[in-house]
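Based on the provided sequences and hints, a complete structural model is requested.
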Amino acid sequence: MDLFTKASVESILQSKRDSNEISAYFINDIELHIKVGRRGKVGKIDISNLSGKELISVLYSKISKDVEEHFKREIRNIKIRRIIND
Numbered sequence: 059m060d061l062f063t064k065a066s067v068e069s070i071l072q073s074k075r076d077s078n079e080i081s082a083y084f085i086n087d088i089e090l091h092i093k094v095g096r097r098g099k100v101g102k103i104d105i106s107n108l109s110g111k112e113l114i115s116v117l118y119s120k121i122s123k124d125v126e127e128h129f130k131r132e133i134r135n136i137k138i139r140r141i142i143n144d
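The sequence shown maps to residues 59 to 144 in the numbering used here.
Keep in mind the hints are simulated off the structure, nothing from the lab. Don't take every hint at face value.
[Unchecked claim] Result set (DMTMM-like, lysine to aspartate or glutamate): computed pairs, CA atoms no more than 20 Å apart in a straight line:
no.: 1; residue 1: K130; residue 2: D76
no.: 2; residue 1: K99; residue 2: D124
no.: 3; residue 1: K111; residue 2: E89
no.: 4; residue 1: K99; residue 2: E79
no.: 5; residue 1: K64; residue 2: E127
no.: 6; residue 1: K137; residue 2: E79
no.: 7; residue 1: K93; residue 2: D104
no.: 8; residue 1: K74; residue 2: D144
no.: 9; residue 1: K120; residue 2: D60
no.: 10; residue 1: K111; residue 2: D144
no.: 11; residue 1: K102; residue 2: E127
no.: 12; residue 1: K120; residue 2: D104
no.: 13; residue 1: K93; residue 2: D76
no.: 14; residue 1: K130; residue 2: E79
no.: 15; residue 1: K111; residue 2: E68
no.: 16; residue 1: K130; residue 2: D104
no.: 17; residue 1: K102; residue 2: D144
no.: 18; residue 1: K137; residue 2: E112
no.: 19; residue 1: K99; residue 2: E112
no.: 20; residue 1: K120; residue 2: E68
no.: 21; residue 1: K64; residue 2: D104
no.: 22; residue 1: K111; residue 2: E132
no.: 23; residue 1: K93; residue 2: D144
Since the model is a prediction, treat every value here as computed from it, not as a measurement.
Take a look at the structure:
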């Protein structure tokens, strides 16, 4: 992940944190950890196989309470779009 993409992702996550959609996050080059709610679930998402553009489009969608299921569905939709467009 390049510097500009990481800055965009950090900005999106910070805005979601400020609006109380998520309560905490941690990101590195391989994974993204998101916590929803005070006692909510912590979702761990493997972002190593996503491009920066795909990751940003996934993060713009509203995150539901079941974090891991939400991201599985969104990543599956991105993979389907990638296959259709190729």
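Next on the checklist: With the threshold set at 20 Å, check whether the alpha-carbon distance from K99 to E79 stays at or below it.
Outcome noted: holds, 13 Å
Next on the checklist: Would the hint linking K93 and D144 be met if the CA-CA limit is 20 Å?
Outcome noted: violated, 34 Å
Checklist entry - Between K137 and E112, is the straight-line Cα distance small enough, at 20 Å or below? => result Answer holds: K137 to E112 is near 9 Å, not above 20 Å.
Item to check | Hinted pair K120 and E68, Cα distance within 20 Å | outcome: Between K120 and E68 the Cα gap is close to 16 Å, so the pair holds against 20 Å.
Next on the checklist: Check whether the Cα positions of K130 and E79 lie no farther apart than 20 Å.
Outcome noted: holds, 18 Å
Checklist entry - Is the straight-line distance between the alpha-carbon of K111 and that of E89 20 Å or less? => result holds, 16 Å
Next on the checklist: Check whether the Cα positions of K64 and E127 lie no farther apart than 20 Å.
Outcome noted: Given pair K64, E127 is violated - Cα atoms ~23 Å apart, limit 20 Å.
Next on the checklist: Hint check: K99 vs E112, CA-CA at most 20 Å. Holds or violated?
Outcome noted: violated, 23 Å
Item to check | Straight-line alpha-carbon gap K102 to E127, limit 20 Å | outcome: holds, 10 Å
Checklist entry - Holds or violated: K111 with E132, Cα cutoff 20 Å? => result It holds: about 13 Å lies between the C-alpha atoms, which stays within 20 Å.
Next on the checklist: Does D104 sit within 20 Å of K64, going by the straight-line distance between their CA atoms?
Outcome noted: holds, 15 Å
Next on the checklist: Next pair to validate is K137 with E79; report whether the Cα-Cα distance is within 20 Å.
Outcome noted: Cα-Cα ~25 Å, so violated.
In summary, the structure is inconsistent with hints 1, 5, 6, 8, 9, 17, 19 and 23 from the numbered list given earlier, while agreeing with the others.
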